[in-house]
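We have chain A; now place chain B onto it with these hints.
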Amino acid sequence: MSGPSDYQPSNPALQWIERRLPIFGLMHSSFVAYPTPRNLNYWWTFGAILSFMLGMQILTGVILAMHYTPNADLAFKSVELIVRDVNYGWLLRNMHAVGASMFFVAVYVHMFRGLYYGSYKEPREVLWILGVIIYLLMMATGFMGYVLPWGQMSFWGATVITNLFSAVPYVGESIVTLLWGGYSVGNPTLNRFFSLHYLLPFVIAGVVVLHVWALHVAGQNNPDGVEPKTEKDTVPFTPHATIKDMFGVTCFMLLYAWFIFYMPNYLGDADNYIPANPGVTPPHIVPEWYYLPFYAILRSIPNKLAGVIAMFGAIIILCFLPWLDSARTRSSKYRPLAKQFFWIFVVVCILLGYLGAQPPEGIYVVAGRVLTVCYFAYFLIVLPLLARIEKPRPVPNSISDAVLAKTGSRSTPMVSTAIVLALAGSLFVGSIDSAKASEGSDTPPGNKWSFSGPFGKYDRGALQRGLKVYKEVCASCHGLSYIAFRNLAEAGGPGYSVAQAAAFASDYKIKDGPNDAGDMFERPGRPADYFPSPFPNEQAARAANGGAAPPDLSLITKARSYKRGFPWFIFDFFTQYQEQGPDYVAAVLQGFEDKVPEGVTIPEGSYYNRYFPGHAIKMPKPLSDGQVTYDDGSPTTVAQYAKDVTTFLMWTAEPHMEARKSLGFQVFVFLIIFAGLMYFTKKKVWADSH
Amino acid sequence: MNPDASTIAAGAPIEVDLSPIAEGQDIKVFWRGKPIYISHRTKKQIDEARAVNVASLPDPQTDEARVKSGHEQWLVVIGICTHLGCIPIAHEGNYDGFFCPCHGSQYDSSGRIRQGPAPLNLPVPPYQFVSDTKIQIG
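These protein sequences, in sequence, are chains A and B. Heads up, the first sequence is in my numbering, so the first residue is 1 and it goes up one at a time. Heads up, the second sequence is in my numbering, so the first residue is 691 and it goes up one at a time.
Simulated from the structure, these hints should not be mistaken for laboratory data. Check before you lean on any hint, since a few could be wrong.
With a Cα cut of at most 30 Å, we get these calculated DSS-like pairs of lysine-lysine [said to hold, decoys possible]:
1. B:LYS758 with B:LYS733
2. B:LYS718 with A:LYS77
3. A:LYS406 with A:LYS468
4. A:LYS391 with A:LYS339
5. B:LYS724 with B:LYS734
6. B:LYS724 with A:LYS618
7. A:LYS618 with A:LYS563
8. B:LYS724 with A:LYS77
9. A:LYS661 with A:LYS563
10. B:LYS718 with A:LYS618
Just chain A, same shape as in the assembly (with noise of 0.2 Å):
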C-alpha cells in the first residue's frame, strides 16, 4: 500500500499470478517490507489487537448466527439453546459477548493513544477521522448485537436508545417509526437489528482496510511525534513489529480468556437473562459500559433534544480534534501541559462513565453536569489554549536520537503516577456510593459453594437433592422448561445414567399430539422432553398466584442479582468472585420472617422476606424443616434445603460451568507458555535494534 514494490515471488506460478494482480506485492510492501519506526512502544500493538478482535467477532458472529432465530417470541430460546445444545455453543457465545467489550476496550487504549501522542496531527488527519466512523460503526453494530438475544436490557436498552431520536424537531416521530418498522419496539425491530448486525461489521472490515491504507501512506507516529528520515529510524515490519503484535495480542488474549472462561456475567447485566416484556420496565436501565461516558452526557442535560445534541456532539467533535489542537509538537511526552491535561481527561472520562451507571438522582446529575462540562473543555478550550501557551520541551532531531538518548534516562513514572491517581479517584466518587448502597432490603450473606472459583464443581449430591427438593417443592408452582430430562444424564449435571434420565422422565405425562384423529393425548415422558412447566400460560399462572406469575427457574440464579457497589465490583474481577444469583436465591429461601419489623407495611397475600427487593413477595414460605426426606442422611433443615437447591438452579441456569472452567485452564497453560515464548522471540528479533 506504499507505492510500486519491487518484491519478486520466485515461485514461476506466484510470478504469473503477480504480473497479472500484484497482490503478492502489496502484501510484501505493506506487511513485510514496510518500514515501522523502531522506537514504538506496547500502546502500538493495540492495532493488531483491534483487527484480532475484529476477525474473531466475524468468525464467532457468523457461526452463531447459523443458529440463531431472529424472531420476537424466539430469540430469547434461541440463544439459550446456543448456549446449552450446539457444540461449544456456550464458548462461542461468551467470546461473542465478551469480545464486543473487549474490542471497546482495546479501541479505547487506542484511541487514548493516538490522543496522547498526537497521531491525528497533519498528515494523519484523515487517518484519524476514518478511525472515528470505525467508532460510530463499532458503537451501532454494538448496541444492536446487544439487543438479539431479546432480554429484558436487550428491550428496553433498544426503546430507550431508539428514542432519542424522537427528540429531532419535527420528524422525531416518524423516523423512530422508521426505526422501528412499527408503533414501538418489536419483531420488525428485532429483525432489522439482526439484518444490521450482520452487515455492519463487514462495513467496519472496508473501512479499516481504509484506515490501513491511510496509516501506510502518512506512515506511522512514533512516542517521540518525529518523522522517520532515515533507513536507521526504521525497522521492517516483518519480523519486528510482526512478532511484537502477536505478543501483544497473546498477552490480550489472556484478558479476554479470563473473562469467557471464567467471568462470562461480569461485564453483563443479570436482568437480560429474563425474557424481554414490553409491559414491565427495568427498575434501573444501564446500557453496556463501553457506552456509559456518553449516556452520563446525555442524562445530565435536563432538556432532551439538548441533551441528545450533547451525547452525538460529544463524539463527533473527535472528527475536529485535528483542528482543535493546533501544537506543532506532536507527543505529550514533549508537552509537559498537555500531558497533564491528558490524563485529567482520561479520569473525566472514567467517571463520567462510573456515573452513566448511577441512577440520576441527586449529587450523580450535579457531578455529571461538571464533568459534562470538563470532557467539552477540554476539547474546546484546554486543546487550543494550549497550542498557543505552553512551551514543549525540544524534540529530538529523529527517532535514533530519541532511542539512544532513552537508554540513559527512563521518563515513565509519570504515567504511574497519574494512573494511581484516577484509581484514587475513583476510590473517592466511590466511597460517597457504597454509603448509599444499602437502599431496599438487606444484602444477601454469602456462601461457600462448590462451584465457585477457577476449579469449581458442582456437587453431585447436591444437584441430586435440589432436584428432589425442586420436583416435590418448587415444581408446583415454577417451571424449568429450559432443562430436558436428558439433562439429567449429561456430563456435569446430577450424574444420573441415561436409564435413570429416562425412568425419571417416564414418571412424567408429557402432552402430545395432534394424533390421527386430531386429537391431542397424554404419553409418559422421554428424555428428550423437557420439564413440563405447572401452568399452560403465563396469565394462567398469575392468576393461580394472587397476580404474580411465579418465574420459571431454569436462568433465575443467572437472571437476579444485587448491586456489589464499590469497590467490591472490582475485587470481584480478581477473586472471580460471580455468585450473586446463587447467594441471593438461598437468601430469599430463607429470608422468610413471621415478625414484620416496624415500618414495613405487607399489603394483603404477601409475605415478608428480608432479601426480597421492597420486602413484600407473594411467594409464601415454600420450605420448613423435614418437608422433604433425603436418602443420604443429610440434614433436612432449610438451609440445607436452600442450599441443595440453589446448587441444582445454578447448573439448570450453567449446565455447562465445568466443562467451561476446565476448558479455560488448558487455555490459561497454553496461552500463558505461549506469550513466554513469543516474548523471548521478541528480545531476540530486535536484541540489535534498541
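Chain B alone, transformed into the frame defined by chain A:
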C-alpha cells in the same frame, strides 16, 4: 423500512369495555404495541387535576382538554414516559398519578408531567366513546 401492511392492519382501532373497571381502578391495554392506561378516576383525583394552576405546569394543558366532556371520570393515556420511553407505574408518585421508575418523572392524575426530566404530558391516544361504557381507541 416503514411498517408493513400487516403491522398497520394489526394497528387498527380496538374497542374496550369499561364497565368492569371500578372507581379508583385502572387497566392497561395494548394498542399498537403500546400500553394504554384507562383510569376510572375518583372524585378526589378529578378535583386535584382541576385545581392546578395550568400556567405553572411544564407542559400547560387543562384537565378538560385531556378527557372527553361528560366522561370526566375516564382518563385514557398512552403509558409511555415522554422522556425515554419507559412505562410509568400507575397510582404512584406524589401527584396521585403515574411514576416512571427509570428516571423519576412524575405525572399527575391527568397524566400531566409535574416533576422530573420528561418534557411533555403523557399523550392522549385518539379515542371516542361508542357508548357510555365502551370506547374505541384509534
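Hinted pair B:LYS724 and A:LYS618, Cα distance within 30 Å: holds (27 Å)
Straight-line alpha-carbon gap B:LYS758 to B:LYS733, limit 30 Å: holds (16 Å)
Given pair status - A:LYS339, A:LYS391, alpha carbons within 30 Å: Roughly 12 Å separates the two Cα atoms, so the pair holds.
Satisfaction of hint between B:LYS734 and B:LYS724, Cα-Cα up to 30 Å: This hinted pair holds, its Cα atoms lying about 28 Å apart.
Pair hint outcome, A:LYS618 versus A:LYS563 [Cα-Cα no greater than 30 Å]: holds (22 Å)
Restraint status (C-alpha distance of A:LYS661 to A:LYS563 at most 30 Å): holds (25 Å)
Holds or violated: A:LYS406 to A:LYS468, with C-alpha atoms at most 30 Å apart: Violated. A:LYS406 to A:LYS468 sits at ~68 Å, over the 30 Å cutoff.
Holds or violated: B:LYS724 to A:LYS77, with C-alpha atoms at most 30 Å apart: Holds: B:LYS724 and A:LYS77 sit about 24 Å apart, inside 30 Å.
Holds or violated: B:LYS718 to A:LYS618, with C-alpha atoms at most 30 Å apart: Given that 30 Å is the threshold and the Cα spacing comes to 21 Å, the pair holds.
Restraint check for B:LYS718 with A:LYS77, where alpha carbons must lie at most 30 Å apart: Measuring from Cα to Cα gives roughly 27 Å; hence the hint holds.
The structure fails hint 3 only (numbered hints given earlier).
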